[in-house]
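Residue numbers (this note's numbering), protein chains in the order written: chain A, 5 to 429; chain B, 5 to 429.
Keep in mind that the hints were calculated from the coordinates and are not lab data. You may find that some hints are simply not true.
[Claimed, not checked] With a cut-off of at most 25 Å between alpha-carbon atoms, the simulated PhoX-like pairs for lysine-lysine come out as follows:
1) A:Lys47 - A:Lys34
2) A:Lys112 - A:Lys96
3) A:Lys157 - B:Lys157
4) A:Lys241 - B:Lys34
5) A:Lys116 - A:Lys150
6) B:Lys183 - A:Lys150
7) B:Lys157 - B:Lys241
8) B:Lys157 - B:Lys34
9) A:Lys241 - B:Lys293
10) A:Lys96 - A:Lys116
11) B:Lys183 - B:Lys250
12) B:Lys112 - A:Lys293
13) B:Lys241 - A:Lys157
14) B:Lys157 - A:Lys293
There are 2 protein chains.
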Amino acid sequence: MNRTEVLQLRNEAEHHLVNELLPFWTTRMKDVPNGGYLTHFDKDGNDSGEDEKSLIAQTRCLYTMSSAHRAGYGNGECEPHARHGADFLINKMWDRMHGGFFWMMDRKGNVKIDEKIIYGQSFAIYALSEYTLATGDPRGIEYAEKVFDLIQKYCVDSMYGGYWEMFHRDWTIKGPGGKGGDRKTLDVHMHLMEAFTALYECSGREVHRRKLLEDIDLLMYRIIHPVYKTGIPQFFKNWEVAPQIKFDVIWGWDRFSAEGQKGNATDNTCFGHNAEFAWLLIHACDILKIDPADNAGLFRTIFDHTVDNGIDYEFGGVYVEGPHSGGVYDREKEFWQQAEVLTGLLDAVLLFGDEKYWNAYKNVHRFVFDKMINRGIGEWFPLMSRRGDPIWTHMGHSWKINYHTVRSMIQSIRRLDMIAANLNH
Amino acid sequence: MNRTEVLQLRNEAEHHLVNELLPFWTTRMKDVPNGGYLTHFDKDGNDSGEDEKSLIAQTRCLYTMSSAHRAGYGNGECEPHARHGADFLINKMWDRMHGGFFWMMDRKGNVKIDEKIIYGQSFAIYALSEYTLATGDPRGIEYAEKVFDLIQKYCVDSMYGGYWEMFHRDWTIKGPGGKGGDRKTLDVHMHLMEAFTALYECSGREVHRRKLLEDIDLLMYRIIHPVYKTGIPQFFKNWEVAPQIKFDVIWGWDRFSAEGQKGNATDNTCFGHNAEFAWLLIHACDILKIDPADNAGLFRTIFDHTVDNGIDYEFGGVYVEGPHSGGVYDREKEFWQQAEVLTGLLDAVLLFGDEKYWNAYKNVHRFVFDKMINRGIGEWFPLMSRRGDPIWTHMGHSWKINYHTVRSMIQSIRRLDMIAANLNH
């Protein structure tokens with residue numbers, strides 16, 4: 005790797021962020037009459053009209069605007085966008101009777117699904133903490149702490165450790181199987197790490213630090229594969245691996261059979277999740293002031309698994325998933341996995357300085373910039389064939405928004421700057 | 005066993021409760037100028053003057069007055085005593101800054117030790133729930149729920165399960181070793197079961213039921229011995245057995261060496277705790293509407309261990325402690341162990357109808373009534389030699405109060421009535 009090449013990719017990322025990604029959202033997202041964000045856009049960036057505001061999409065947009073402002077982008081324009089979303093979240097989506105945020109509203113702010121889903125609550129903590137860090141508005145950390153307290157009270161399994169994830173409005177736990185009440189997932193425990201990291205960064209409180217450290221232990225010693233260090237998607241309460249099933253309440257469009265079954269349901273790991281876990285953990289260590297090099301072996305194992313199995317060296321980009329021991333099941337290309345692997349691979353370069361990671365980064369970077377970005381519109385296609393033809397084409401949806409794309413550009417630019425600076429010496 | 009004999013023992017217990025035990029306390033305990041309860045009395049029942057009001061003694065007295073009133077004793081006199089203690093607890097011992105109850109006050113209500121010790125917080129939940137059940141005063145359950153919420157937020161180990169037990173005033177966790185911050189104990193997890201049982205009985209809330217069930221699982225699958233079903237006193241955070249050590253903050257006078265070491269520190273079980281655990285679990289099942297006969301094997305194993313090892317068939321009464329596999333280390337007689345074994349053995353009689361348990365009950369009953377009660381004064385000696393000579397003679401202290409003695413009489417009378425009723429058929 006050389007400095008010129010690094011800076012060229014960095015500038016490409018910044019150009020995309022500043023001139024395409026952020027404007028895509030700031031020109032479209034503000035729902036002036038109803039409050040909150042519009043989040044549904046077709047391939048041309050036109051409002052596709054779905055009458056829903058999901059907790060995930062609202063909080064992720066709030067995170068995006070807050071983090072962009074905090075990182076110095078948007079010329080001050082992101083801050084009022086963030087405040088506009090925080091107002092809707094706090095004033096309309098907060099359950100004043102039982103606490104916590106509702107899962108799904110209509111555009112006007114009426115409740116459509118009143119359940120308390122921890123995946124969504126974790127993004128509320130993440131976004132509201134980032135919002136206070138970015139703007140100083142104390143309402144963010146106030147509500148983030150309220151959600152944290154509710155999760156500690158209602159969701160921890162004090163017998164086996166970890167968190168229950170699916171609750172009714174009144175925080176009674178949902179039933180088993182598809183209702184999800186008897187499962188624990190990588191997804192939720194990883195996003196709680198992300199959320200508690202931002203919460204602790206904002207509050208500095210010992211209990212937030214402690215719960216972050218405990219969640220990291222859960223991820224390291226219960227959730228990732230003991231040998232391959234790859235993420236295992238689902239568990240029963242006692243941390244026995246559970247066959248991966250589809251839940252009634254979803255937050256993404258995973259490919260399941262009509263019966264809700266997954267092929268290879270008990271030996272399946274997702275490349276994007278693994279790289280995301282690694283860089284989120286490195287970031288958590290940074291906030292906790294723990295040296296990530298203390299776990300260098302763990303990070304090398306994860307990044308090697310991604311690079312050796314998850315990268316398509318023929319057509320570019322990151323595959324969807326494969327077995328823990330290596331190999332690939334699904335060779336399509338999901339937008340969010342590209343985004344997370346970009347950030348993760350730059351952390352691998354920073355930790356190990358290895359050309360292998362840099363070459364993998366360049367591969368994914370080129371796939372994104374040459375194929376995945378919907379040129380002239382500014383956002384990414386959500387799903388492509390292995391060769392890079394769009395399969396799904398919506399630009400925005402309850403489950404596809406700006407959090408992965410904008411974050412990966414902000415985080416990549418920061419890391420490319422550090423790599424370039426190191427190359428100066 | 006025959007009905008006449010059962011009723012004779014029952015009447016002996018009731019006479020002691022009504023004419024000796026309760027009057028001992030109701031004539032002495034009310035601290036009119038300062039609020040709360042006086043709790044320190046010498047062998048003649050005179051105020052011994054220690055300038056302390058401990059969280060344990062205050063909450064236990066509140067429990068005693070509440071439970072006696074609820075069970076129909078005291079001719080209405082116990083209710084104002086209970087209210088008097090609740091006022092002091094809530095108005096003087098509650099930490100308005102950080103929440104939770106202080107550990108130790110002086111008589112006037114100034115804080116002497118501001119730490120948050122979960123053993124004490126568990127008794128606050130227990131006593132305040134019983135207080136609302138007995139009197140209808142909503143402040144009891146309100147503060148019991150506040151403590152429950154704080155414990156869920158600050159004390160659960162979300163990695164290994166179970167509860168951390170020793171905290172500073174601001175709920176940051178204390179250091180390791182003698183400070184207790186790295187240990188988990190039978191004592192605290194058993195008293196949380198007792199507390200959550202009363203809390204759930206009072207509130208009927210699902211989260212209280214759920215945490216009670218999880219705590220029962222902790223006791224059954226982490227804390228009692230996998231083979232002998234005897235209680236193991238102390239653990240490290242991952243439930244590895246820890247050598248039993250003395251903590252800096254104590255709530256009883258266990259016999260340790262000057263260095264805080266225990267003889268047989270890793271193979272030691274306490275007969276009174278085991279019988280208390282069994283009957284508290286049977287009671288929890290009752291409140292949860294679970295049939296204790298579902299765990300008949302467990303209860304038989306525990307009661308047999310007590311009866312086969314813990315009863316002194318020569319001089320009467322219950323020994324202190326011994327190895328898990330059977331035998332005795334310490335043949336002295338502690339007051340609270342007699343009290344808890346009385347209740348436990350009557351549950352054994354009710355569950356199994358076995359003469360062996362009845363004979364053991366009679367043995368302990370006679371030891372208590374013939375030797376341990378300080379006749380003419382009305383309370384029990386705290387510690388006696390094997391033969392029944394008093395070693396310690398104080399009637400009241402921060403760690404020796406009316407909770408075990410009064411409760412064992414109320415609970416024994418109830419059970420003796422049921423046994424007598426069964427003998428009618």
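Quiz item: Of the hints given before, which are not true for this structure?
Solution: When the structure is compared with the hints, numbers 4, 6, 8, 12 turn out to be violated.
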